[in-house]
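Undergrad: Top line first, the protein sequences correspond to chains S and E. The numbering of the first sequence is UniProt numbering, which starts it at 1 and goes up by one. The numbering of the second sequence is UniProt numbering, which starts it at 1 and goes up by one.
Honestly, the hints are just simulated from the structure, not real lab data.
Ranges between beta-carbon positions, derived for each pair:
(1) E:Ser102 / S:Glu8: 28 to 38 angstroms
(2) S:Ala46 / E:Glu162: 45 to 55 angstroms
(3) S:Arg54 / E:Phe108: 23 to 33 angstroms
(4) S:Ala46 / E:His71: 25 to 35 angstroms
Calculated Cβ distances over 12 angstroms to all of chain S for the following chain E residues:
(5) Asn11
(6) Gly142
(7) Val175
(8) Leu195
(9) Ala229
(10) Pro243
What you are looking at is a predicted structure, and each value in this text was computed from that prediction instead of being measured. Ideal Cβ placement from N, Cα and C applies to all residues, glycine included.
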Amino acid sequence: MKIVLNGEPREVCAEILSDLLVECGFSGRVATAVNEGFVPAGLRIAHKLADGDRVEVVAPMQGG
Amino acid sequence: MKSFYGTQLSNPLMLGTAQYPSPAILEQAFRDSGAGVATVSLRRESGAGQTFWQMICELGVLILPNTAGCHTVKEAVTTAHMAREVFDTKWIKLELIGHTDSLQPDVFQLVEAARILTEDGFHVFPYTTDDLIVGERLLAAGCEVLMPWGAPIGSGRGLNNEYALRAMRAEFPDVPLVVDAGIGLPSHAAQAMELGYDAVLLNTAVARAGDPAAMARAMMLAIEAGQLADLVDPIEARDMAEPSTPVIGKAFLS
Numbered sequence: 001m002k003i004v005l006n007g008e009p010r011e012v013c014a015e016i017l018s019d020l021l022v023e024c025g026f027s028g029r030v031a032t033a034v035n036e037g038f039v040p041a042g043l044r045i046a047h048k049l050a051d052g053d054r055v056e057v058v059a060p061m062q063g064g
Numbered sequence: 001m002k003s004f005y006g007t008q009l010s011n012p013l014m015l016g017t018a019q020y021p022s023p024a025i026l027e028q029a030f031r032d033s034g035a036g037v038a039t040v041s042l043r044r045e046s047g048a049g050q051t052f053w054q055m056i057c058e059l060g061v062l063i064l065p066n067t068a069g070c071h072t073v074k075e076a077v078t079t080a081h082m083a084r085e086v087f088d089t090k091w092i093k094l095e096l097i098g099h100t101d102s103l104q105p106d107v108f109q110l111v112e113a114a115r116i117l118t119e120d121g122f123h124v125f126p127y128t129t130d131d132l133i134v135g136e137r138l139l140a141a142g143c144e145v146l147m148p149w150g151a152p153i154g155s156g157r158g159l160n161n162e163y164a165l166r167a168m169r170a171e172f173p174d175v176p177l178v179v180d181a182g183i184g185l186p187s188h189a190a191q192a193m194e195l196g197y198d199a200v201l202l203n204t205a206v207a208r209a210g211d212p213a214a215m216a217r218a219m220m221l222a223i224e225a226g227q228l229a230d231l232v233d234p235i236e237a238r239d240m241a242e243p244s245t246p247v248i249g250k251a252f253l254s
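Could you put together the complete structure from these sequences and hints?
TA: See below:
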């Protein structure tokens, strides 16, 4: 399936958001959004991905 | 000192975590200043996020995530939800940028986002202008803190409109007020506290200084001085001189 992950086009096997995080090596404190909508951590396991989905995975960063 | 959504700050310096020469210097700046709050953000995970998170936890300060760079209500609200989950806090420094050059807040969208987030249970710290009516609208939307700008973010210009900030303090005597952005020098921070502000939020002035840790300490000393001065009833300025040394009893020598 083709998705866009953090702005980059990717070909992935995962069909569920939680599987995608594992497949792409994300761990620790991250938050997710799919197609500009927040997906809480507890709902990732039930969130099915579709071709062309835009997935954002963000983490703590320096800020002012 | 006023509480921020029921929380007392250990001291009135809120310090940003961006732009430091190294993580070690960032850490030193927090230790040397004793800043009570660290502002942080969320960005696409590239591997550095978890190390940064670990370091922030070790600072032992309160964490205030921001929505920096957001230009729409939807973007800011989504970012706030992500921040609440990642940082495990209801606090959100709500930034809704309206102008690319000045980074001036879009106060119309700000009020709307503040209302939505307050209804969702967030404790909103709105980065706003010094406009009194906007301040009223933010309070009506549920905000219990206001954070007017001193000057544009990163400009180091100090308090561009002291009159407006003074008016804001007078208009909202019971609301915790924070001067957020524009501070360049310790004297600016002291001035904000002398006006009766409850805290100062700054980043660039410390992080970009030649010695950030020493500047952080200087900011803290200035904030303490300004805060103390405000509490002890400073004199009014006057136009003419008034001798401080007694005139009576001066020896007749001419």
